[in-house]
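Spelled out from the first residue to the last, the chains are:
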Amino acid sequence: MQISRDDLLGSYRKMRTIREFEERVHKEFATGKIPGFVHLYAGEEASAVGVCQQLNGVDYIASTHRGHGHSIAKGCDVIGMMQEIYGRRGGLCKGKGGSMHIADISVGMLGANGIVGGGPPLACGAALSAKLRKTGGVAVAFFGDGAFNQGTTLESMNFASVYQLPVYFVLEDNGYAESTASSWSIGGHNPVRRAEGFGIPGEHVDGHDFFAVYRAAADAVTRLRAGEGPQFLHVSFTRYYGHFEGDAMTYRPPGEVTEERQYLDPLKFFRARVVGAALLENSALDAIDTEVGTLIDRAVATALAAPPPAAEDLLTDVYKSY
Amino acid sequence: MSKKSFRQALNEAMRQEMERDPMVIAFGEDIAGGMGAKGVQDAWGDVLGASKGLLPEFGRNRIFDTPISESAFVGAASGAAVTGMRPIAQVMFVDFFGVCGDQIINQMAKFRYMFGGKATTPVVIRTLFGAGVRAASQHSQCLYPIFTHVPGLKVAIPSSPYEAKGLMIQSIRDDDPVIFFEHKAMYDDTEEVPDEPYTIPFGKARTVREGADATIVAIGRMVQYASQAAAALDADGIRCSIIDPRTTSPLDTDAILASVRKTGRLIVVDEASPRCGMAADISALVAQNAFRELRAPIRMVTPPHTPVPFAAELEDLYVPSPAKIQAAIAETVRYH
Chain A
1 MQISRDDLLG SYRKMRTIRE FEERVHKEFA TGKIPGFVHL YAGEEASAVG VCQQLNGVDY
61 IASTHRGHGH SIAKGCDVIG MMQEIYGRRG GLCKGKGGSM HIADISVGML GANGIVGGGP
121 PLACGAALSA KLRKTGGVAV AFFGDGAFNQ GTTLESMNFA SVYQLPVYFV LEDNGYAEST
181 ASSWSIGGHN PVRRAEGFGI PGEHVDGHDF FAVYRAAADA VTRLRAGEGP QFLHVSFTRY
241 YGHFEGDAMT YRPPGEVTEE RQYLDPLKFF RARVVGAALL ENSALDAIDT EVGTLIDRAV
301 ATALAAPPPA AEDLLTDVYK SY
Chain B
323 MSKKSFRQAL NEAMRQEMER DPMVIAFGED IAGGMGAKGV QDAWGDVLGA SKGLLPEFGR
383 NRIFDTPISE SAFVGAASGA AVTGMRPIAQ VMFVDFFGVC GDQIINQMAK FRYMFGGKAT
443 TPVVIRTLFG AGVRAASQHS QCLYPIFTHV PGLKVAIPSS PYEAKGLMIQ SIRDDDPVIF
503 FEHKAMYDDT EEVPDEPYTI PFGKARTVRE GADATIVAIG RMVQYASQAA AALDADGIRC
563 SIIDPRTTSP LDTDAILASV RKTGRLIVVD EASPRCGMAA DISALVAQNA FRELRAPIRM
623 VTPPHTPVPF AAELEDLYVP SPAKIQAAIA ETVRYH
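Same order as they appear, the protein sequences are chains A and B.
According to our numbering, the first sequence is numbered sequentially starting from 1.
According to our numbering, the second sequence is numbered sequentially starting from 323.
None of these hints come from the bench; they were simulated from the model.
Please note: incorrect hints may appear among the correct ones.
What the hints assert, rightly or not - Dumping the calculated DSSO-like pairs for lysine-lysine here, alpha-carbon to alpha-carbon at most 27 Å:
#1 B:Lys-360 <-> B:Lys-440
#2 B:Lys-325 <-> B:Lys-526
#3 A:Lys-134 <-> B:Lys-584
#4 B:Lys-325 <-> B:Lys-374
#5 B:Lys-360 <-> B:Lys-374
#6 B:Lys-360 <-> A:Lys-320
#7 A:Lys-33 <-> B:Lys-440
#8 B:Lys-584 <-> B:Lys-646
#9 A:Lys-320 <-> B:Lys-584
#10 A:Lys-268 <-> A:Lys-27
Here chain A stands alone, though its shape is the one from the complex:
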């Protein structure tokens, strides 16, 4: 399929932004200045970006605890995100949510989610709302291989099927539900067939391959917008870091991540493909790398210098009125 130059450049910029953001959060977390839990998306960039490139302002996504990539792909402000992760007043959620609750409903991002399987019902609601309000919008439920065994996800697949809602169920299978292997924990071992059991068509793609995700998502979103009911995608890849920062990952075989980084890096794949096919030049990609590096530097510097929330912020934003 043809992808425009602008779309290719935009996609690469987003994937590079996610990678730089996550690598930098990994480094900064080790300094002890980032509080709480963070779950990094490095290695999974092609999924969030390949899907979100098909979306626009009337579309919504529901995310997971590993939500930085989805947030960036859907258009959340990167400096606001970094401040949020540091717990700053200027953060996207005023420092009240943190890494696991980054959200910006104004750009269609319904929230990272601290509860495994929390998002799919919300995506159903956003899709229901889009359908009833006739906005033409669709909703994407990103969820992991752990959430694929949650009742909420299975209920949501049935719910979306019954009402033929424009929901894209995107199973991001990074091989591990926390520390438990997805090859062991998904009964039936065939997610696409499971989706088909709900009457939801789907396919499986290699999540290291941006073009595979992009093509599958483009087809699915076209069907969603045509009113053909919910769609399903099983994306496989491996995460570069632990379940959370600080996870020693002794459940993984030695060398797994090193090999993934060397041979299965979605950014390296992308560059080789577009340069090899003479769609983009190395210089254009290098320029994006530099710009993104500067942006992330600025995000971290801003976050480090930013003030924390004020004491009075503790009591605000619980209710609209009370």
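On the provided structure of chain A, position chain B as indicated by the hints.
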């Protein structure tokens, strides 16, 4: 103004709000009551008939049955609400909240705070509660203390048909998530209810009656029982105030404290389990803020700390009766 049942009051509130605002939709378990079956499409109109007639009037885009998937449809209500709609989701009995607790406790309740004030989630969850119809342990609980405990939720518990209509309309128009409790044994109660729409503000208690000797705070169906007890005590010259908080979140602490400061005595009557419930909460409020004004120990009249039993003889012992309330008031007033 005409006599309406609790059921009719709710029906009228939902119908008038659905007419007023096209963003108001209603869905849940059997709320149409027959969709997809071969008979009448709104055969039930809700398990106790509160939404009967709304499906033919508003059509399947505005009111529809759901699969019995509480997590999916309660979560979908939140997702629809944060994207611009005003859903009423019906979880048939509050006992079923156990299967969708996450979507209520961790999702809708917390969006606004977690997202730094940038989310508005105008959801109403309607649910039946309460004992007295021999429905046993899994269909008779109150559970509103659990929701009251969760910041971000509002909790409304109407005590009569008039209250039901006004509080329901307020719930639908409110911009925060509201859990709306309907006592299943009150559905056939009737009283004068205005035909036109009206709201009852949250956090403003109703003074059911005023008297100088004791303050009774009663919730939901217990307002009726407390009224019967207070009426019986009139003959003995004991004059009681009765306060119906209407909402446990927000709670009108000012009204409760002001009344206790006048009477010096507090009896809290609650149908919920006694531990960590509203009776304990209101007792603590008064003990902490009106200690010097108290002339007798605070009394809590609640069921025992047991599940709700099935057999009529046991259930009748379980629910606080007007006689038990009357005895508790009399003892409190005579204490010295």
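Hint check:
1. B:Lys-360 <-> B:Lys-440: This hinted pair is violated, its Cα atoms lying about 44 Å apart.
2. B:Lys-325 <-> B:Lys-526: Within the cut-off at roughly 24 Å; holds.
3. A:Lys-134 <-> B:Lys-584: At roughly 57 Å apart (the allowed maximum being 27 Å), Lys-584 of chain B and Lys-134 of chain A break the hint.
4. B:Lys-325 <-> B:Lys-374: 18 Å, holds
5. B:Lys-360 <-> B:Lys-374: 18 Å, holds
6. B:Lys-360 <-> A:Lys-320: 44 Å, violated
7. A:Lys-33 <-> B:Lys-440: 26 Å, holds
8. B:Lys-584 <-> B:Lys-646: Since the Cα atoms of Lys-584 of chain B and Lys-646 of chain B sit roughly 24 Å apart, the hinted pair holds (cutoff 27 Å).
9. A:Lys-320 <-> B:Lys-584: 33 Å, violated
10. A:Lys-268 <-> A:Lys-27: The hint holds at about 21 Å.
Violated hints, listed in ascending order, are 1, 3, 6 and 9; each of the other numbered hints is respected by the structure.
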